[in-house]
Amino acid sequence: MAEAVRVAGSLRKRLSLTLIGGTAVLAMILFFAVRSYAAQIAQQGQDRILGASVTAILDAATLRDGQVQVDIPYASFSMLGTESDDRVFYAIYQDDLLLSGYDQLPAGSITQAGGATYQEISVDGAQVRLAAASRVLIGANIRTTVSVGVGQTQDALSGTLNRISRNVAIFGGGFFVLAVLLSFWATSNTIAPLQRLTDSLTRRGPQDLSPVTQPVPSEMVPLVSSLNVLMGRLDQSLSRSEDFIAEAAHRVRTPLATVRSYAETTLQRVSKEENRMALRSMIRAIDESSRAAGQLLDHAMITFRADHLDRQQIDLFDLVEDLVVRLTPVADMKDVQIQLSGPKPVTVAGDPILLQNALRNLIDNALKYAPADSVIDIAVHDAPGQHVVVKDQGPGFPEDQILTLAGRFVRGDNAAGSIGSGLGLTIAHEVAIAHGGAMTLANRPKGGACVTFTLSS
Amino acid sequence: MKFLLVEDNIELAHAISSRMQLDGHVVDHASRIQDATAFSQSEDYDLILLDIMLPDGDGTTFLKHHRASRKDTPVIILTARSQVSDRINMLDLGADDYVTKPFDHAELQARCRAVLRRRMGTAQTVLRLGDVAFDPVKGQLTVKDRVVSLRNRELRLLELLFNGPGQIFPKHKLFDRLFSYDDDVSENAIEVYIGRLRKHLEGSELSITTLRGLGYRLDHG
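Chains as they are written, first to last, in UniProt numbering: chain A, 1 to 457; chain B, 1 to 221.
Note that these hints are calculated values from the structure, not bench results.
Think of the CB as a built atom: it goes at the ideal place given N, C-alpha and C, for glycine as much as any other residue.
Be aware that one or more of the hints could be misleading.
Here are some chain B residues the structure puts well away from chain A; computed CB gaps all over 10 Å [said to hold, decoys possible]:
no., residue
1, His-29
2, Asp-35
3, Thr-37
4, Lys-71
5, Leu-93
6, Asp-135
7, Pro-165
8, Arg-198
9, Thr-209
10, Gly-221
Derived lysine to any residue pairs resembling SDA-like cross-links, with alpha carbons at most 20 Å apart [as the list claims (entries may be wrong)]:
no., chain 1, residue 1, chain 2, residue 2
11, A, Lys-334, B, Glu-107
12, A, Lys-344, A, Pro-395
13, A, Lys-272, B, Gly-213
14, B, Lys-173, A, Thr-266
15, A, Lys-368, A, Pro-395
16, B, Lys-171, A, Ile-170
17, A, Lys-446, A, Gln-337
18, A, Lys-272, B, Leu-174
19, A, Lys-334, B, Leu-160
20, A, Lys-446, A, Gln-339
21, B, Lys-138, A, Gln-337
22, A, Lys-368, A, Thr-426
23, B, Lys-138, A, Lys-344
24, A, Lys-272, B, Arg-177
25, A, Lys-272, B, Leu-211
26, B, Lys-138, B, Asn-152
27, B, Lys-199, B, Gly-215
28, A, Lys-334, B, Asn-152
29, B, Lys-171, A, Lys-446
30, B, Lys-144, B, Lys-173
31, A, Lys-272, B, Lys-173
32, B, Lys-173, A, Ser-281
33, A, Lys-334, A, Leu-367
34, B, Lys-173, A, Tyr-262
35, A, Lys-272, B, Ser-186
I would like the entire structure built from these sequences, with the hints used as guidance.
Here it is as structure tokens:
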């Protein structure tokens, strides 16, 4: 019955992966955005200081007697001091002529600066930020351009940037971890109603096909409605098939009962031997067919129930005692005595209807083969391994078939002449298996069959 | 004994009635719950045989009313349903026993006797013939002051003979009464039981005579 369900991914996994993946991308974006914004701000700060330094030097440039004089103010370099001891480079040009400073700085980018320009250059393999500006000085008969460039390495800047990056990374990582936890929580929270629905369906008894009435989230409503419709249909078709079985039995057995009663009545009235023979075999055939029909229907019902055991706490001794009381009139007719022994109560968890049917078949069998004035001995045994032993004083099982007799429609060779469909032992065997137990057939040393029906090993 | 048979299938009802009349019982037949209720209120029956599927409702409805009106007439249900599903149910509703169709009349008789024995307790249903008292419900035979418990086959055999003292019962008739149809025994097995009865009746005014080729007869005096 339990067919393997094909699994395609997991909602929980899919939801968690989406949430965690999204969070990871968001954390990366956050990290790079904050980092580049911080770099931009830090760069602007450095540029402003470099610009101020250049302006201060330019302001100090004067024309005296046609000569350019630059008296570099102390502050213009001191303002560039950093904790990382960044190196500072400067160069002052009059037109294209280096007046003072470091000649490695690219002259072109300084003299053609015009207003304030900023650029990234490389000096001696070090990254240097260079600010440059020009100013035109006009004398009596002279017009000359003074250009100033001030550069600074970026060790302090990149130190600051690294610090900021590290903090952002820690912050982003923490955010990510929180988001992962949050996403697990959200996922379980979302899956929970589904889990509750599953639990409530699993806990149901096998006969419970009532619709699901507990509240479910709106997204699950279509699923649950379809489920309810399906269960309604199943319930209907099950009760229809039960009705059908009852109806079939009724249709078959009532006319058989009529025929049997007439045959018996007629048998009382006729005395001619051949007519009597015919009537007797007629009655036998009726019994055989009604018994077969009954056991086939029982077997169908039992196969269905064995898949969904309706386990209840029952007293095995009580159950067997009821059966014995019920079968005593039949035993009396053959002058057979049924003896029952065992402790009480023998509590077992089992399906009462199945157990009753199985054990009745075993006792029926014993009754069928027991000779007149014999005793059928039934013993109920308590734990460990509750079991019932049924012994009779009949012919016993044929030794060579003792292992195959529980198979469907197999009858013993010595069963010729007695009525049976061969399903009785099969039913009992299947019920024992369904309860996790077993059934063993054996012969008694002094003759007679001994069947042990064990509920659980 | 007086039976009420509630069965909607006329053919079957007729078959059962004539079979029971052969055994010397009186049978009233009702086809519907309505009629059955009317019958059971106006007459006292020893036993009610009740079918389950009836045209105007479920036989269990009748059973419920019957029990509610404090009638303690025993009820045996005749059912055609599968034995698995509603066995427990029917006995819970107050039926005393049930038989599944088609049934063996000897089995029905045996069940009737068992039900009556349970129901009647100490009440006596004694038949007397000469100095012998016979209680077919309890299965007891009293010869003078000696009480004998009869085995079932002895009981059924004596029941038949007791109903017709002086009458000749052919062997085959007694045989049908005693053995079920799948018993593989010869008609001579009767002699064993006749022999046992003779032993029980020793010293009484009754005796069983063998009429060679004809059968057996219970003689008085």
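Unmet hints by their number, sorted upward, for this structure: 12, 16, 23, 29 and 30
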